[in-house]
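Throw the hints in and build the complete structure from the sequences for me.
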Amino acid sequence: MRFLTPTGNKRLNELVGFLWITLAVLIALGLISYSPRDASFNVSAAAPDGSPARNWIGPVGAYGSDLLFQIFGFAAFLLPMAMAVIGWRWCRSRVIDSQIVTLIGYGLLLLSLPALLSLLPYVPEVRGAIPAGGIVGALASSGLRASFNWGAYVVAFALFFTALFMTTSFSFSSAHAWASGPKGPIGAAGKLGILQKAQARWHAWREEREQQRLRRRVEESRLTGRRPVP
Numbered sequence: 011m012r013f014l015t016p017t018g019n020k021r022l023n024e025l026v027g028f029l030w031i032t033l034a035v036l037i038a039l040g041l042i043s044y045s046p047r048d049a050s051f052n053v054s055a056a057a058p059d060g061s062p063a064r065n066w067i068g069p070v071g072a073y074g075s076d077l078l079f080q081i082f083g084f085a086a087f088l089l090p091m092a093m094a095v096i097g098w099r100w101c102r103s104r105v106i107d108s109q110i111v112t113l114i115g116y117g118l119l120l121l122s123l124p125a126l127l128s129l130l131p132y133v134p135e136v137r138g139a140i141p142a143g144g145i146v147g148a149l150a151s152s153g154l155r156a157s158f159n160w161g162a163y164v165v166a167f168a169l170f171f172t173a174l175f176m177t178t179s180f181s182f183s184s185a186h187a188w189a190s191g192p193k194g195p196i197g198a199a200g201k202l203g204i205l206q207k208a209q210a211r212w213h214a215w216r217e218e219r220e221q222q223r224l225r226r227r228v229e230e231s232r233l234t235g236r237r238p239v240p
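Yeah, the sequence shown ends on 240 if you go by our numbering, and it's all consecutive.
Please note that a few of the clues may not be correct.
[Stated by the list, open to error] With a Cα cut of at most 20 Å, we get these calculated DMTMM-like pairs of lysine to aspartate or glutamate:
(1) LYS20 <-> ASP107
(2) LYS207 <-> GLU217
(3) LYS207 <-> GLU218
[What the hints assert, rightly or not] Derived CB-CB ranges, DEER-like:
(4) LEU77 <-> LYS207: 48 to 58 Å
(5) LEU130 <-> TRP215: 29 to 39 Å
(6) VAL164 <-> ALA139: 23 to 33 Å
(7) THR178 <-> ALA214: 39 to 49 Å
(8) ARG223 <-> LEU149: 46 to 56 Å
(9) TYR132 <-> VAL70: 27 to 37 Å
(10) ALA208 <-> THR15: 47 to 57 Å
(11) ILE42 <-> GLY117: 23 to 33 Å
(12) PHE28 <-> TRP66: 36 to 46 Å
(13) ALA208 <-> LEU33: 46 to 56 Å
(14) THR178 <-> ARG216: 35 to 45 Å
Honestly, the hints are just simulated from the structure, not real lab data.
Idealized CB from N, CA, C, for every residue including glycine.
Have a look at this one:
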């Protein structure tokens with residue numbers, strides 16, 4: 011896989027990396043400035059104010075962003091992100107470890123994220139025109155629902171986290187360590203005393219419930235003439 015393996019020539023690697031990053035920036039700008047009113051593969055629109063397209067990258071950006079959003083939905087942003095990472099690796103002459111595993115994980119990410127976006131409720135459409143998961147998400151989510159019913163959510167999340175494991179340095183232990191740290195949500199909640207207050211309320215609720223249970227048993231024993239059972 012030559013496109014993932016820098017050469018021994020650092021200047022050539024920097025040039026290739028620069029081209030990768032440039033292409034990633036162009037695609038990202040095209041996606042960010044996407045307008046459903048631009049002329050595209052499934053839209054015929056007149057040019058506004060003599061401009062060929064509202065998209066910042068012109069007609070190429072309009073057609074390209076429409077195609078990517080139609081296929082992947084919001085997950086289309088994964089494409090320029092991956093290209094930027096590859097470009098940075100080339101600029102630094104750093105080889106991507108476990109290339110086959112990384113490619114499989116990236117493909118799984120392009121499948122699981124659109125599926126999640128299609129399964130989860132209240133996810134807005136892309137510019138109010140394209141489903142959040144695109145065609146891939148619609149097909150994947152319908153297949154998961156047909157096979158697993160409500161378990162489709164569990165399978166989709168499992169596939170998504172598996173893809174993260176394969177493509178990044180993500181781990182549950184590091185995520186928990188960050189969340190429990192001073193900058194994480196659990197650590198911040200601990201500083202504010204939110205967790206302690208919630209724990210105190212939980213214990214108070216359990217004690218009150220236990221007292222109510224004991225009172226009911228005492229009342230029942232009075233009515234039946236039996237000794238209350240602890």
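Do the hints match the structure? See the list:
1. LYS20 <-> ASP107: holds (19 Å)
2. LYS207 <-> GLU217: holds (15 Å)
3. LYS207 <-> GLU218: holds (16 Å)
4. LEU77 <-> LYS207: 48 to 58 Å: holds (51 Å)
5. LEU130 <-> TRP215: 29 to 39 Å: At roughly 31 Å between Cβ atoms, TRP215 and LEU130 fall inside 29 to 39 Å, so the hint holds.
6. VAL164 <-> ALA139: 23 to 33 Å: Distance hint for VAL164, ALA139 holds at roughly 30 Å.
7. THR178 <-> ALA214: 39 to 49 Å: The hinted range 39 to 49 Å holds for THR178 and ALA214, with Cβ atoms some 42 Å apart.
8. ARG223 <-> LEU149: 46 to 56 Å: holds (52 Å)
9. TYR132 <-> VAL70: 27 to 37 Å: With Cβ atoms ~33 Å apart, the hint holds.
10. ALA208 <-> THR15: 47 to 57 Å: Check passed, 51 Å falls within 47 to 57 Å.
11. ILE42 <-> GLY117: 23 to 33 Å: With Cβ atoms ~24 Å apart, the hint holds.
12. PHE28 <-> TRP66: 36 to 46 Å: Roughly 20 Å apart at Cβ, these two residues miss the hinted range, so it is violated.
13. ALA208 <-> LEU33: 46 to 56 Å: Taking Cβ atoms as reference, ALA208 and LEU33 lie about 49 Å apart, which means the hint holds.
14. THR178 <-> ARG216: 35 to 45 Å: holds (40 Å)
The structure does not agree with numbered hint 12 stated previously, though it agrees with all others.
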